[in-house]
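Peer 1: Produce the entire structure from the sequences given, and follow the hints as far as they go.
Residue numbers (UniProt numbering), protein chains in the order written: chain A, 1 to 204; chain B, 1 to 204; chain C, 1 to 333; chain D, 1 to 333.
Nothing false has been slipped in among the hints.
Mimicking SDA-like on lysine to any residue, the simulated pairs with C-alpha atoms at most 20 Å apart in a straight line are: (1) D:LYS229 <-> C:THR197; (2) C:LYS181 <-> C:PRO143; (3) A:LYS28 <-> D:GLN200.
Hints in this document: simulated from the structure, not taken from any laboratory.
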Amino acid sequence: MTIDIVAVRAAIGRLALAMERDFELLNKADGALGDGDLGVTMTRGMRAISEKAEDLPEDLGQALLACAQAFTKSSGSSYGTLLATGIMAIAKQVKGETEVGADRVPELVALARDQMQARGKAELGGKTVLDSLDAVAGATAALSDPAEVADAAARAVTEALEAFRDRKATVGRARIFGEKSVGLDDPGMLAMERIVKALADREG
Amino acid sequence: MTIDIVAVRAAIGRLALAMERDFELLNKADGALGDGDLGVTMTRGMRAISEKAEDLPEDLGQALLACAQAFTKSSGSSYGTLLATGIMAIAKQVKGETEVGADRVPELVALARDQMQARGKAELGGKTVLDSLDAVAGATAALSDPAEVADAAARAVTEALEAFRDRKATVGRARIFGEKSVGLDDPGMLAMERIVKALADREG
Amino acid sequence: MKKILNAPEAYVDEMLAGLTAAHPEYYRLHGDSGRVVARAKAGKEGKVGIVTGGGSGHLPVFTGYVGEGLLDACAIGDVFASPSAEQMADAIRAADSGAGVLRLYGNYGGDVMNFDMAGDLVEFDDITCTTVLLTDDVASAAPEEKEKRRGVAGMVYAYKIAGAAAEEGRDLEGVTAAAQKAADACRSIGVALSPCTVPQAGKPTFEIADDEIEMGMGIHGEPGVWRGKLRTADEIAGEMMDRLFDDMPVGQGDRVSIMVNSLGATPPEELYILYNVVKARLEGAGATIVMPLVGRYATSMEMAGVSFTMMKLDDELEKLLTAPCDCAFWRVG
Amino acid sequence: MKKILNAPEAYVDEMLAGLTAAHPEYYRLHGDSGRVVARAKAGKEGKVGIVTGGGSGHLPVFTGYVGEGLLDACAIGDVFASPSAEQMADAIRAADSGAGVLRLYGNYGGDVMNFDMAGDLVEFDDITCTTVLLTDDVASAAPEEKEKRRGVAGMVYAYKIAGAAAEEGRDLEGVTAAAQKAADACRSIGVALSPCTVPQAGKPTFEIADDEIEMGMGIHGEPGVWRGKLRTADEIAGEMMDRLFDDMPVGQGDRVSIMVNSLGATPPEELYILYNVVKARLEGAGATIVMPLVGRYATSMEMAGVSFTMMKLDDELEKLLTAPCDCAFWRVG
Ligand SMILES: Nc1ncnc2c1ncn2[C@@H]1O[C@H](COP(=O)(O)OP(=O)(O)O)[C@@H](O)[C@H]1O
Ligand SMILES: Nc1ncnc2c1ncn2[C@@H]1O[C@H](COP(=O)(O)OP(=O)(O)O)[C@@H](O)[C@H]1O
Ligand SMILES: [Mg+2]
Ligand SMILES: [Mg+2]
Ligand SMILES: [Mg+2]
Ligand SMILES: [Mg+2]
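Peer 2: Pasting the structure below:
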């Protein structure tokens, strides 16, 4: 089983639903360490993408580029811009392809991570979405079976969230909370946990 | 017994004391129907006059003019300006005299009332200090014995206060309180009651 | 409401010290009462003088409007309290350059008595004075008792018109007539959302519930026409325009200037939201808007709320309104 | 805190509609995102463009400073939220007249990422961009981490300097260098007395007791350096000046401009009271004050509080600071 536009559309559907469901959860997490808009960013962004889902071209690069642009237009929040940056990086990489194997996942996630790091100018290990992606890229490396990739990704993203929970935030609005951020989930890592689980179809 | 500069100095002393004593009372009455500064106006004004008391000339006209000016400089409140206007009117009338008989009181009070009315452009009967002065002028008319004048003035000013209590204010800041002013003393009438009683030495 | 100050008694004097220190090119203290502000550069010789006065706490009103094409001098009292007649007389003297002085101010009892008395005082200096009173607040008395109305932000328009007329070289009669015409052409209405605190009183000027507003409330907290639940910007602006139009109808071809004024804390963002309705209503009535003023022109310290002032123009008023003026808070041309 | 608005979602769009309707001689909406404001009259052909951007709720920052001798265009987000990269790209396009565009804005994470991405987007249009970030808030990071500091009211000085440099006809490199010099010469510190309410959030940005203030608090309510009892104006101003002087010593013969800025609700009266201390401290250190700015230059809606921004001048900066500029909120010359 490979990833094609049909799979992308299905994933968009699952993700959009998950983000409607997690609206309050993400706002609340961001409210504790930031400005409380992460749920808004994610539902708005996914609604914008959902509206385009049916019209997405077969070319995965073009399709993902359209998704990134829809997300970017929907808000200017940090997370939205970072996600769009990551999706755009993947889009460029798969331009012209209509099918992508599960074995490409680690490479593409790492690519997104790197581009997002360049955009946000933050270090790895800073308790941000980058650490979630880093964990996913690491855990899926060398895997190629779709189910195994999905399992590993879902497990890794949750483990990263838990592993970083008791560390201090060093980046973005959360940084100003300093010691108070210890024990609280980074909102961006929490959001990425929900995103990866929805994409991997490994909820609950 | 006539009124000379010694009597004026004694009266200033009594009045200044009374105004210190009634500071809160007058602020409160003005607070209910205005901006709550009438006690401030009166103590400030009387302090300014007291400072000059020893240096006042024998000429009652000159002495009262100095009192009026001291009061005017001390504040710009309506009551202060009205009082100064009244004192100035009396000052002009007694210019050059060093003694004034008690029989002149009704004439001088009426004069003050008229000049103050011209300054404030308010009708008699409007529940203001003018009505207090009008009552005093009326009650003392045709009297000449100092003690009788003092008694009549003190009685009249209290009666006026009571008579107007249940009427509606029509002038100054109190006007905007409309019906709510019924049952409340007009602060300026209350102040005049305290003033007249202190001047007449008929406290309590 | 918290205030940044030293001693309450020092509030006004320190404020004036800072104002004149920050803008020495516009303002200077005149005389020794410490409460008279005059232009840093005297007006043209032989120009009619214009003075105003009133309580502190309304910046830019009153002192702020001393400047070219505006006022010559201003007497300023304690917060929300009239200056003394002596101070007003000093202001009149500062404004006089031989051509007489217009006293142009708002209709408040204490101010009126003191300016009248100040007029008596300066008679000795052979200064001729005239008076124009602003009575623009439609909420403060019925049309039949128009002369009892308070003066509010309409003052700013009157300063502008009178100032421009004086700058043009008109004589005292001419300047007074222009000011009176401006005063007659202005109507205002305010709505208050929250009170302010007079430093020496130390407590808010009035109490109002967290979800209430008061339509027509005065700038010192004088009672308005109704108090009720907070409404939408469109509803608030709509009612305010209704009340202005009821008092001074506006129709096809009319030219009007409109001021959307913050009473202090209300931010410009909210004024612009209101302006959409103001504009739609005026243009809907067939009028043309000339030089709309949106901002803080007449305030009550940190009070939240807004006022609208509408001035109907004829050619003369429009020319004077758009003529140049310059002070630290307002520049035209 | 009560606000006058219609729907919270409509706040920014209605505000921009009102702003451009009230001041059509200064501002126009550009493009169809509805969130890009450009000069009504385009700048000189071949002039370097200057854009800024950031969240709404800070008027006159950011949009208000679009104007001659200042900015060419501005992308504006929801209240306290970054505009999107697309909107910023549109603003850059509006500002460009072939000589390149300086992105001049405050150091906030979202804004930085979006302006960078916007730069990527306009590369396709062959527009050369440079960047200068304001990091003037000394309370937001230690001197060793100066590059992490937030940008606050120093932005206004940087707009003024960069705008004047561009108007002079300097090239992109020259304008960028002037802006960077201005940014490097600015230090700010703020103190908050009360919060404001973001319309869509509906509740105050922070809570603070009735007798407390927070020194160094950010304009969105970011924690400051201490929270404590309200003090006198002299003590507050004294500590703020201490913190500025600690970060950027000022001595004999220095020429500095100083901004005493209200965060919104704090009235000018209180700013002038503070200015007395500011002036005494600067002159006491032997410095000369050039063009002090006292007023509302960078706000957070109805937040009560003040900020001080100090800019040390050399001949170049002083010349650019005092050069003419003109927008609806500020005029020099
Ligand atoms: N510079 C950065 N680099 C990496 N991740 C970042 C950066 N800034 C923010 N983030 C991530 O984004 C999340 C916050 O996103 P968001 O709520 O959109 O921010 P804001 O509302 O401040 O724009 C953080 O929890 C963090 O995971
Ligand atoms: N126009 C007027 N004519 C007569 N008396 C007046 C007038 N205005 C005010 N007063 C009197 O002055 C009193 C209020 O004085 P004061 O507190 O000094 O006024 P304010 O503080 O409003 O200047 C009133 O109670 C009334 O007796
Ligand atoms: Mg956020
Ligand atoms: Mg945000
Ligand atoms: Mg009173
Ligand atoms: Mg008073």
